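Chains as they are written, first to last, in this note's numbering: chain A, 1 to 457; chain B, 1 to 457.
Derived list of chain A stretches under chain B, where covered just means 3 residues or more per stretch with a C-beta under 8 Å from a C-beta of chain B:
{"#": "1", "segment": "41-55"}
{"#": "2", "segment": "89-99"}
{"#": "3", "segment": "107-121"}
{"#": "4", "segment": "128-139"}
{"#": "5", "segment": "267-281"}
{"#": "6", "segment": "407-418"}
Straight-line distance between alpha carbons at most 25 Å, and here's what the computed DSS-like set of lysine-lysine pairs gives:
{"#": "7", "chain 1": "B", "residue 1": "55", "chain 2": "A", "residue 2": "9"}
{"#": "8", "chain 1": "B", "residue 1": "410", "chain 2": "A", "residue 2": "34"}
{"#": "9", "chain 1": "B", "residue 1": "410", "chain 2": "A", "residue 2": "335"}
{"#": "10", "chain 1": "B", "residue 1": "436", "chain 2": "B", "residue 2": "407"}
{"#": "11", "chain 1": "A", "residue 1": "75", "chain 2": "B", "residue 2": "9"}
{"#": "12", "chain 1": "A", "residue 1": "83", "chain 2": "B", "residue 2": "83"}
{"#": "13", "chain 1": "B", "residue 1": "384", "chain 2": "A", "residue 2": "182"}
{"#": "14", "chain 1": "A", "residue 1": "79", "chain 2": "B", "residue 2": "76"}
{"#": "15", "chain 1": "B", "residue 1": "34", "chain 2": "A", "residue 2": "439"}
{"#": "16", "chain 1": "A", "residue 1": "177", "chain 2": "B", "residue 2": "391"}
{"#": "17", "chain 1": "A", "residue 1": "407", "chain 2": "B", "residue 2": "155"}
{"#": "18", "chain 1": "B", "residue 1": "76", "chain 2": "A", "residue 2": "76"}
{"#": "19", "chain 1": "B", "residue 1": "439", "chain 2": "A", "residue 2": "34"}
{"#": "20", "chain 1": "B", "residue 1": "391", "chain 2": "A", "residue 2": "34"}
{"#": "21", "chain 1": "B", "residue 1": "384", "chain 2": "A", "residue 2": "272"}
{"#": "22", "chain 1": "A", "residue 1": "368", "chain 2": "B", "residue 2": "155"}
{"#": "23", "chain 1": "A", "residue 1": "9", "chain 2": "B", "residue 2": "75"}
{"#": "24", "chain 1": "A", "residue 1": "177", "chain 2": "B", "residue 2": "384"}
{"#": "25", "chain 1": "B", "residue 1": "83", "chain 2": "A", "residue 2": "79"}
{"#": "26", "chain 1": "B", "residue 1": "335", "chain 2": "A", "residue 2": "414"}
{"#": "27", "chain 1": "A", "residue 1": "21", "chain 2": "B", "residue 2": "391"}
{"#": "28", "chain 1": "A", "residue 1": "182", "chain 2": "B", "residue 2": "388"}
{"#": "29", "chain 1": "A", "residue 1": "155", "chain 2": "B", "residue 2": "414"}
{"#": "30", "chain 1": "B", "residue 1": "155", "chain 2": "A", "residue 2": "384"}
{"#": "31", "chain 1": "B", "residue 1": "335", "chain 2": "A", "residue 2": "410"}
{"#": "32", "chain 1": "B", "residue 1": "34", "chain 2": "A", "residue 2": "454"}
{"#": "33", "chain 1": "A", "residue 1": "155", "chain 2": "B", "residue 2": "368"}
{"#": "34", "chain 1": "B", "residue 1": "34", "chain 2": "A", "residue 2": "410"}
{"#": "35", "chain 1": "A", "residue 1": "388", "chain 2": "B", "residue 2": "177"}
{"#": "36", "chain 1": "B", "residue 1": "155", "chain 2": "A", "residue 2": "404"}
{"#": "37", "chain 1": "B", "residue 1": "384", "chain 2": "A", "residue 2": "155"}
{"#": "38", "chain 1": "A", "residue 1": "75", "chain 2": "B", "residue 2": "76"}
Hints were generated in silico from the structure; no laboratory data involved. All values reported here derive from a predicted model rather than from experimental measurement. C-beta atoms are modelled at their ideal positions from N, C-alpha and C, and glycine is treated no differently.
Listed below are the residues making up each chain.
Number of protein chains: 2
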Amino acid sequence: MAQKPSIPKGTRDFSPEEVLKRNYIMETIRHEFKNFGFQPIETPSFENSATLMGKYGEEGDRLIFKILNSGDYLKKADKNAIKEMDSTALISSISEKALRYDLTVPFARYVVQHQNEIEFPFKRYQIQPVWRADRPQKGRFREFYQCDADVVGSKSLWQEVEFVQLYDAVFNSLNLKGVTIKINNRKVLSGFAEVIGAQDKLIDFTVALDKLDKIGEEAVKKEMLEKGISPEAIEKIQPIFNLNGNFSEKIEGISNILKSSKTGMAGIEELKFIQQAIQNMPLQTATLDLDVTLARGLNYYTGAIFEVAAPEGVKMGSIGGGGRYDDLTGIFGLKDMSGVGISFGLDRIYLVLEELCLFPDQIKASTKVLFINFGDRESLYAMKAVSKLRKEGIAAELFPDDAKMGKQMKYADKRDIPFTVLTGQEEMEQEKYTLKHMKSGEQDQLNFQELVDKLKS
Amino acid sequence: MAQKPSIPKGTRDFSPEEVLKRNYIMETIRHEFKNFGFQPIETPSFENSATLMGKYGEEGDRLIFKILNSGDYLKKADKNAIKEMDSTALISSISEKALRYDLTVPFARYVVQHQNEIEFPFKRYQIQPVWRADRPQKGRFREFYQCDADVVGSKSLWQEVEFVQLYDAVFNSLNLKGVTIKINNRKVLSGFAEVIGAQDKLIDFTVALDKLDKIGEEAVKKEMLEKGISPEAIEKIQPIFNLNGNFSEKIEGISNILKSSKTGMAGIEELKFIQQAIQNMPLQTATLDLDVTLARGLNYYTGAIFEVAAPEGVKMGSIGGGGRYDDLTGIFGLKDMSGVGISFGLDRIYLVLEELCLFPDQIKASTKVLFINFGDRESLYAMKAVSKLRKEGIAAELFPDDAKMGKQMKYADKRDIPFTVLTGQEEMEQEKYTLKHMKSGEQDQLNFQELVDKLKS
Chain A
1 MAQKPSIPKG
11 TRDFSPEEVL
21 KRNYIMETIR
31 HEFKNFGFQP
41 IETPSFENSA
51 TLMGKYGEEG
61 DRLIFKILNS
71 GDYLKKADKN
81 AIKEMDSTAL
91 ISSISEKALR
101 YDLTVPFARY
111 VVQHQNEIEF
121 PFKRYQIQPV
131 WRADRPQKGR
141 FREFYQCDAD
151 VVGSKSLWQE
161 VEFVQLYDAV
171 FNSLNLKGVT
181 IKINNRKVLS
191 GFAEVIGAQD
201 KLIDFTVALD
211 KLDKIGEEAV
221 KKEMLEKGIS
231 PEAIEKIQPI
241 FNLNGNFSEK
251 IEGISNILKS
261 SKTGMAGIEE
271 LKFIQQAIQN
281 MPLQTATLDL
291 DVTLARGLNY
301 YTGAIFEVAA
311 PEGVKMGSIG
321 GGGRYDDLTG
331 IFGLKDMSGV
341 GISFGLDRIY
351 LVLEELCLFP
361 DQIKASTKVL
371 FINFGDRESL
381 YAMKAVSKLR
391 KEGIAAELFP
401 DDAKMGKQMK
411 YADKRDIPFT
421 VLTGQEEMEQ
431 EKYTLKHMKS
441 GEQDQLNFQE
451 LVDKLKS
Chain B
1 MAQKPSIPKG
11 TRDFSPEEVL
21 KRNYIMETIR
31 HEFKNFGFQP
41 IETPSFENSA
51 TLMGKYGEEG
61 DRLIFKILNS
71 GDYLKKADKN
81 AIKEMDSTAL
91 ISSISEKALR
101 YDLTVPFARY
111 VVQHQNEIEF
121 PFKRYQIQPV
131 WRADRPQKGR
141 FREFYQCDAD
151 VVGSKSLWQE
161 VEFVQLYDAV
171 FNSLNLKGVT
181 IKINNRKVLS
191 GFAEVIGAQD
201 KLIDFTVALD
211 KLDKIGEEAV
221 KKEMLEKGIS
231 PEAIEKIQPI
241 FNLNGNFSEK
251 IEGISNILKS
261 SKTGMAGIEE
271 LKFIQQAIQN
281 MPLQTATLDL
291 DVTLARGLNY
301 YTGAIFEVAA
311 PEGVKMGSIG
321 GGGRYDDLTG
331 IFGLKDMSGV
341 GISFGLDRIY
351 LVLEELCLFP
361 DQIKASTKVL
371 FINFGDRESL
381 YAMKAVSKLR
391 KEGIAAELFP
401 DDAKMGKQMK
411 YADKRDIPFT
421 VLTGQEEMEQ
431 EKYTLKHMKS
441 GEQDQLNFQE
451 LVDKLKS
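Next up, chain A with everything else stripped away, as it sits in the complex (with noise of 0.2 Å):
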């Protein structure tokens, strides 16, 4: 019996409508990444485990597909894991590669591998598919795109600058007007750890105050409350939970609060810089917000962290993020690497561009026409035809085999391909070429040269 076929959960079977909206997508941001400077690496799906695990955090490893080593795996499997059934203990003794996790530890891995080969600041970017083994859901993958735009090697805040610009440049050219690029900065939320004495607790603080947006400033209060921050504390940053204004009038909200703390001053000047800058260079269609409740994976970041919201109205998590962390590559062996980079939400953006209806109709469009068969003494007339169009850049095809004229039309139908040509007896006498527009029904007989100059224009 023949299997019914099936894929694994989590990963998707793309359409060729799919694959060309999705190309469209990424080639538009590979478009920007190269106007920007950035050069392009690719790194190989599976790495050494040694290289991915304990990078991601105890739930990471988890999630981190292995690789069954190749042959008798068996032989050097450590006999007491087997023994006692422990099935994390026995991983690494019968599998020592697994699938990419991200690729921001891969980056760092590359940079300290390949550091002599490398111009410092080294500006990449990187698109590659990663996996994770989390529990599937809508709009979550086990296999995904990510689209990554880092710089190691400078502390420059002008790279701050620039990712701003660079999310401005790559949303317009994709037609979605009216994201919203949030900032906020790792110094700005010790800053309020700081004052409020809770330095311990800053995580704890971060973490709930992330969830300001989906749970509202009781449900928050509560939470820090709960972590044994105290009431007093939580007055003293009251400002933050109503912060309003531009961007200007939150920076002088927060500066309050923040002036006895040297870091938090670090960080407001940090945003002050990025947002003068900004203001001097005004972006396309992006507006640059300050959301001091923002914090993504803060452990990682040290400096500025963007987050990307889709336009007002459209239901979405975040679209893209990003942030600055001073030791990315300290993990393999190489100290002082300043690091900035930002990430695009390749699926989400898909699911905003479809809601919005803004992938243009051209993508779709692949062959323009259809040439009838009529058998084969028609088709080589037929074929010489296509052939000259397809050197013309027309994307060409011949029906393959002499079916019934109504089949023909109707597979041109089902591919959305806008012309037939027919060359039957007649044409080929005459040299001529019908050329049929499916939408109208309208038909020319034209000669080779107005079959060109119809089908281009």
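Put chain B on the given structure of chain A with help from the hints.
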């Protein structure tokens, strides 16, 4: 201690230059695929093991990378296999997914699974990586890209004609002139076996014949004798060892041998059809040649067999191959779907283009101009120009730190950036930009529009 970073054997990191060169090849192939009416699909990197196992023979099964189940995978492990320490027997109970081994089986699975959404004949292309646990060696990797185009759902020989034209179009676009597209037909090979009464030894016979190029006539005959093919039988097919002349002359030569074999003559008719069509529509820079020793994965192919050889003088195995297989989707329960397809060998094409210096120069040039950083005030002036240049489609960068001039110039030089711009106090006052051509050292003071014009020319 930090780990010394490395990657698994048989895998590769790709530097910016390598990615750009690889993308150039893939984009050229993709462009012609589209021109010929092929549509892209993508399938997941890993499939259910049942989809892949048993499709590539015993050796293939061994070379498939298996993914360890997530979580407590030992819970469902085959206790008996563990007791016996039987690695092979244990696999299916601890691993249910495996990395794609080629693009053909996933394509067959896709066609069957999505048969109701597909218009047949279905012309699809697919450019994605595959993984094999082969012993790595020069030019053989554990992760590599395949670039495939296939048509399913038509037995028309126009497809074969089209694939010959497609090879010609791609290699011509890559400026790789003089490749030889070798063609053979499974039916011709069957015919040979039939006329010498060795139908039961078809595989042995063709495996030996396929080596003619490498080991020579005597060694091939010796191998045939060892496999139990009689000296009289070999005598009968002697002419195929000395086939000379052009395509038509070779056809004539084998027609004499095959005239008593219906199958063989059917193969000859197919070859003639393809050759005559190509004669009527001459190839641009490739040559079509008959090679009756060509077998490739014989078990697979039922009609045409293709292989592409690099231009004479370039030592390289085949840079492409393919053929017709009459029952592609039968393994997944969809009968009677004839398919024919070809593949491009990305890694080898890369090596050939490298050897013949055929990569266009402009591929490498990513960033066109670097603005030198003189400090924050000057940088804002520079960044404004950088932003505007990017909107003009000119890839521009600002060096992020106000490092020493020499260091910044060296950076431009190392990165092959052809121009730098200096924007000091004087330039700012006069709203000018000093453009320096890195190679000649020539400098010009320009206004913004002149700068754009110069950089675009």
